[in-house]
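Colleague: When you get a sec, could you build the whole thing from the sequences and use the hints?
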Amino acid sequence: MSDLLTVKHLTASAFAPFGEVIEADPSTMRLINGGTTERFHALFSPDAVGEGARVIVNIFRGQPRAFPYEIGMMERHPLGSQSFSPLSGRPFLVAVAEDEGGKPARPQVFLARPDQGVNYRRNVWHHPLMAIGEVSDFLVVDRDGPGNNLEEHFFASPYLILEPHL
Numbered sequence: 001m002s003d004l005l006t007v008k009h010l011t012a013s014a015f016a017p018f019g020e021v022i023e024a025d026p027s028t029m030r031l032i033n034g035g036t037t038e039r040f041h042a043l044f045s046p047d048a049v050g051e052g053a054r055v056i057v058n059i060f061r062g063q064p065r066a067f068p069y070e071i072g073m074m075e076r077h078p079l080g081s082q083s084f085s086p087l088s089g090r091p092f093l094v095a096v097a098e099d100e101g102g103k104p105a106r107p108q109v110f111l112a113r114p115d116q117g118v119n120y121r122r123n124v125w126h127h128p129l130m131a132i133g134e135v136s137d138f139l140v141v142d143r144d145g146p147g148n149n150l151e152e153h154f155f156a157s158p159y160l161i162l163e164p165h166l
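FYI, our numbering numbers position 65 of the sequence shown as 65, with every residue one higher than the one before it.
These are computed hints drawn from the structure, not numbers from a lab.
Among the hints, a few may not be true.
To be verified - EDC-like mimics (lysine to aspartate or glutamate), calculated; alpha carbons at most 20 Å apart, straight line:
hint, residue 1, residue 2
1, K103, E134
2, K8, E20
3, K8, E70
4, K103, E163
As the list claims (entries may be wrong) - Derived DEER-like restraints, expressed as beta-carbon distance ranges:
hint, residue 1, residue 2, range
5, S157, T37, 47 to 53 Å
6, S45, G102, 22 to 28 Å
7, S2, L31, 47 to 53 Å
Ideal placement from N, C-alpha and C gives every residue a C-beta, glycine not left out.
Modeller: And the structure:
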């Protein structure tokens, strides 16, 4: 039987051990362009290490997950951070885990609002993109370049997520 995971609302403080929540934080706001634009400044800093590494911007198109959904694996990127910002006005799920001896611990699952993104720090265990309800596009900032930037772990027994209440 699968271990049931609770879905929590995404907050900056709850997500802090894993990275940053990308959202319009009033504490970072600056007026620019003659006062006609609010700039929410320096919400995260992309990280890319290694010879020939560079930061790139992509669009990922995520297929919606069917519920109940099993988390059977997690991944991490040892050479760079990875951020996801929704473009389709849809909430999405984020699953992360602390590292326990080179393997992910029990995952934590967060429900991100349509106006929130996340930046996973380098080496943070996370589940691949989980769109909800409809096909959804995401702006993704991550690392490109030589070197192995993907590590995967498959759980002996999967974890289960029930459909979140939106």
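Colleague: For which of the previously enumerated hints does the structure constitute a violation, in increasing order of number?
Modeller: Per hint list: 1, 4 violated.
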